[in-house]
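Enquirer: Read off the chains here:
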Amino acid sequence: MKKILLGNEAIVKGALVSGVSFVSGYPGCPSAEIGDEFGKIAEKNGVYAEWSTNEKVALEAAIGASFSGLKSLVNMKSFGINVCSDSLLPLAYTGTKAPMVIVVADDPSCWSSAQTEQNSRAYAYLSHIPMLEPADPQECYDFTKLGFEISEKFNTPVILRTTTRVNHQKMIVDFEEPHSAKATRGDFVKNPKQFCTMPPRVLEMKAELLEKTEKISAFAEKSSVLNKVSGRRTSPQLGIITSGVAHLHTLEALDEMQLSAPVLKLGLFYPLTEKKIAKFIKGLKKVLIVEELDGYLEKEIKAIAKEANPKLQIFGKDLLPVIGELDTGKIELALSKITGKKFTLSKESASIAKAPRRYPKLCQGCPHLYTIAALKRIAPNAVFGGDIGCYMIAGYPPHNTQDYEFAMGAGLGISHGVSKATGQKVISLMGDGTFFHAGIPALINTVYNKSSPILIVLDNRITAMTGHQNNPGMGKNLMGKDAEELQIADIAKACGVKNVKVLDPSNIKELDATIKEFLEKDEVSVIVCKLICALLARRQQAAKE
Amino acid sequence: MLIKGVGGQGIVTLVAIIAESAFLNGYDVKSSELHGLSQREGSVQAHIKFGKKVYSPLVYKGQADLVIGQELLEGLRSVELAGSQTKFLINMFNSPFIGSMKEQEILDELNKLPKDKLNLVKASEICKDKLGNQVLSSVYLLGYAISRKLMPLKKESVLQAIKNVIPEKYREMNIKALELGYGQ
Ligand SMILES: Cc1ncc(C[n+]2csc(CCOP(=O)(O)OP(=O)(O)O)c2C)c(N)n1
Chain A
1 MKKILLGNEA IVKGALVSGV SFVSGYPGCP SAEIGDEFGK IAEKNGVYAE WSTNEKVALE
61 AAIGASFSGL KSLVNMKSFG INVCSDSLLP LAYTGTKAPM VIVVADDPSC WSSAQTEQNS
121 RAYAYLSHIP MLEPADPQEC YDFTKLGFEI SEKFNTPVIL RTTTRVNHQK MIVDFEEPHS
181 AKATRGDFVK NPKQFCTMPP RVLEMKAELL EKTEKISAFA EKSSVLNKVS GRRTSPQLGI
241 ITSGVAHLHT LEALDEMQLS APVLKLGLFY PLTEKKIAKF IKGLKKVLIV EELDGYLEKE
301 IKAIAKEANP KLQIFGKDLL PVIGELDTGK IELALSKITG KKFTLSKESA SIAKAPRRYP
361 KLCQGCPHLY TIAALKRIAP NAVFGGDIGC YMIAGYPPHN TQDYEFAMGA GLGISHGVSK
421 ATGQKVISLM GDGTFFHAGI PALINTVYNK SSPILIVLDN RITAMTGHQN NPGMGKNLMG
481 KDAEELQIAD IAKACGVKNV KVLDPSNIKE LDATIKEFLE KDEVSVIVCK LICALLARRQ
541 QAAKE
Chain B
1 MLIKGVGGQG IVTLVAIIAE SAFLNGYDVK SSELHGLSQR EGSVQAHIKF GKKVYSPLVY
61 KGQADLVIGQ ELLEGLRSVE LAGSQTKFLI NMFNSPFIGS MKEQEILDEL NKLPKDKLNL
121 VKASEICKDK LGNQVLSSVY LLGYAISRKL MPLKKESVLQ AIKNVIPEKY REMNIKALEL
181 GYGQ
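Top line first, the protein sequences correspond to chains A and B.
Our numbering applies: residue 1 is where the first sequence begins, and numbers increase by one.
Our numbering applies: residue 1 is where the second sequence begins, and numbers increase by one.
Think of the hints as simulated: they come from the structure by calculation, not from any bench.
Careful, some of the hints might be misleading.
Covered stretches of chain B (in silico footprint by chain A; criterion: 3 or more residues with CB under 8 angstroms from a CB of chain A, positions within the stretch not fixed) [as the list claims (entries may be wrong)]:
| id | stretch |
| --- | --- |
| 1 | 112–121 |
| 2 | 141–150 |
| 3 | 155–163 |
| 4 | 167–180 |
Restricting the straight-line Cα-Cα distance to at most 30 angstroms, the calculated cross-link-like pairs of lysine-lysine (DSSO-like) are [stated by the list, open to error]:
| id | chain 1 | residue 1 | chain 2 | residue 2 |
| --- | --- | --- | --- | --- |
| 5 | A | LYS182 | A | LYS212 |
| 6 | A | LYS286 | B | LYS115 |
| 7 | A | LYS342 | B | LYS53 |
| 8 | A | LYS347 | A | LYS330 |
| 9 | A | LYS347 | B | LYS176 |
| 10 | B | LYS115 | A | LYS3 |
| 11 | B | LYS155 | B | LYS176 |
| 12 | A | LYS354 | A | LYS279 |
| 13 | B | LYS149 | A | LYS3 |
| 14 | B | LYS112 | A | LYS354 |
Stretch-level coverage of chain A by chain B, calculated; a stretch enters the list once three of its residues show a Cβ under 8 angstroms from a Cβ in chain B [stated by the list, open to error]:
| id | stretch |
| --- | --- |
| 15 | 162–175 |
| 16 | 191–198 |
| 17 | 241–250 |
| 18 | 372–378 |
| 19 | 415–421 |
| 20 | 477–491 |
The model shown is predicted, which means the values in this text are computed figures rather than measured ones.
Just so it is clear, CB atoms sit at the ideal spot from N, CA and C, and this is done for glycine as well.
So here's chain A without its partners, still in its complex pose (with noise of 0.2 angstroms):
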């Protein structure tokens, strides 16, 4: 069948055709639909799916499940393989039992990501775990059905690396719509022998895990549909060798140019295909190297070249830019340098004046409006720990009330250490999401090792800033069924925090009063402010009428 789908749908498309029964995973931007897609159909196709408390649980989780026999998906955005990684790495050692694949979602440009433009491909060389780079959404469907195919033959999870505009690319699919399944039940066998790495096997495991890898290689060699290229040999003698949506824009880049030659479109970027590559540079005079982000494919290929072709020159990113998005513009202005081609872009000649920035705003009527506004009233002084989430928006004009902002629960950590190295009273900020997800530990820490920052959970009873998730704090789950709704005040208190206070940011009294009263106090303290996001207030609202 043909219709319009988003990358992420095409994802759960393929998924759901290849027999997936567990499905874990962390919200966040680019890849957060898939698990929310996956919560509403999820029931009806016999399928299990979690929104896990982070991205390494969710990893984990899935372990569980493939080690019981049950074929499984896990998502995240980019920052969650690294959370997740300590289990990763160990994954590659073990492989699977029961297929399953694991959607990574970079976000080039950063569009909807603060904390670094992460390259996650190299996270393919750390683990040895291969990895898939689908370009469209065609490709999302097809690659995550390929993925569960490998990973079934090789016993290897399979890595799928997508990027924001994948994820949110929308084309006509040509799919199969699964038909709805029966919940399946695993079983777990024991098998020690595979499921522990300790030595003395993990050392044999190693090689286990490398001579596997040269198999998938070979595999892979073979494959047309993985590899492939495109495009015919010309005079000049040029070739490129291109990877994800990048591919797309070379393809227009050259039909802009009238420009023929032939393109190697790299569908698995771990193991590389090297014969392939070897046979694709022979003969050739230049190559362009069109890869967004880090240069990880011009490397290999210049390695590949010196016996493949060593008089090959190889362009790459002396002509295409290491930060940022590629799009076709920046190709055809590299074809251009190497061909010759004239390329001028278009461009409207009135001359008008430059629209300034605009910055994200809290919503109006948001909780953390009120937080945000007691901390510069209260305590201008005080150093300020932001963290993941919508109140990050603290450090825009006009609230600036945010001294560094890093990673999940990171906010606290750097807090405790500010706090133990300068005796200063600081502020931290952290979301209930973010509480849930890596704040615990954090908090344990300024307990232990006795710091005295006040930390701020900001209660708002959802995950918002990645489109509305539940959470443990909530009292549902991914697939809305009832479960417990933790008190992170009682977690908190648990932790041996003395000071917590729970109260309503809308109070205002309550709330200057409260940081007045821990601003005095030598050890750590807790104020939850809880109140409801106002977006979901007025979309619970909207549903009830």
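Fit chain B with the ligand to the known structure of chain A by using the hints.
Expert: Relative to the frame of chain A, chain B with the ligand by itself:
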């Protein structure tokens, strides 16, 4: 074509309708949209391309045939990305912020564009007055765009696309908004 605006203006829905309609017209189609921070009233930008064969989902600098600016300042911002062939359809809706330009200043700048390329429409205001809902301004603009042939899509296919992608509950009001824009 580029669609620019701020979060909460129904841009994702607009892209879905245009893409579906292009599909029904027999075109190849690709689009790219951004989610995320846009919910927080940041700038939102969507790209959509249709034609015989579409490779890349992104419109690059200078390439757009049409820019739909759902908001005045975002409309102005898009001029930077426009080429000499680009037409503009801009909603006279202002989402101001501290440090922005005054509405009149924005209009003065926009009016420097050649007259035959600039279409300024009070879509939000009209939708609010006549339909009681500003979010419909997106679909209103679409109606306007197809009646003025700013976009080569047939009205019937757009109506069918609305039926295909909009949940039944909201269908009727979207069709009304389309008709209103079309008849303008
Ligand atoms: C490791 C990691 N996973 C996921 C994300 C994506 N992400 C950005 S903000 C956020 C959660 C914010 O939720 P919360 O702390 O409740 O704050 P709110 O947005 O509701 O104010 C997430 C999951 C991330 N940045 N890093």
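Enquirer: All hints, please: hold or fail.
Expert: Here is what the structure says about each hint:
1. 112–121: holds (count 3)
2. 141–150: That given contact is violated, which follows from only 0 residues of the stretch 141–150 of chain B lying within Cβ reach (below 8 angstroms) of chain A.
3. 155–163: violated (count 0)
4. 167–180: violated (count 0)
5. LYS182(A) / LYS212(A): Violated, because 33 angstroms separates the two Cα atoms, which is more than 30 angstroms.
6. LYS286(A) / LYS115(B): violated (47 angstroms)
7. LYS342(A) / LYS53(B): holds (24 angstroms)
8. LYS347(A) / LYS330(A): Judged against 30 angstroms, a Cα distance of about 15 angstroms means the pair holds.
9. LYS347(A) / LYS176(B): Not satisfied, since the Cα-Cα distance of roughly 36 angstroms exceeds 30 angstroms.
10. LYS115(B) / LYS3(A): violated (39 angstroms)
11. LYS155(B) / LYS176(B): Holds, at roughly 13 angstroms.
12. LYS354(A) / LYS279(A): violated (49 angstroms)
13. LYS149(B) / LYS3(A): Between LYS149(B) and LYS3(A) the Cα gap is close to 26 angstroms, so the pair holds against 30 angstroms.
14. LYS112(B) / LYS354(A): Since the Cα atoms of LYS112(B) and LYS354(A) sit roughly 13 angstroms apart, the hinted pair holds (cutoff 30 angstroms).
15. 162–175: holds (count 7)
16. 191–198: Answer violated; 0 residues pass the 8 angstroms Cβ test.
17. 241–250: holds (count 3)
18. 372–378: violated (count 0)
19. 415–421: Answer violated; 0 residues pass the 8 angstroms Cβ test.
20. 477–491: Our answer is that it is violated, as 0 residues pass the Cβ test (under 8 angstroms) against chain B, missing three.
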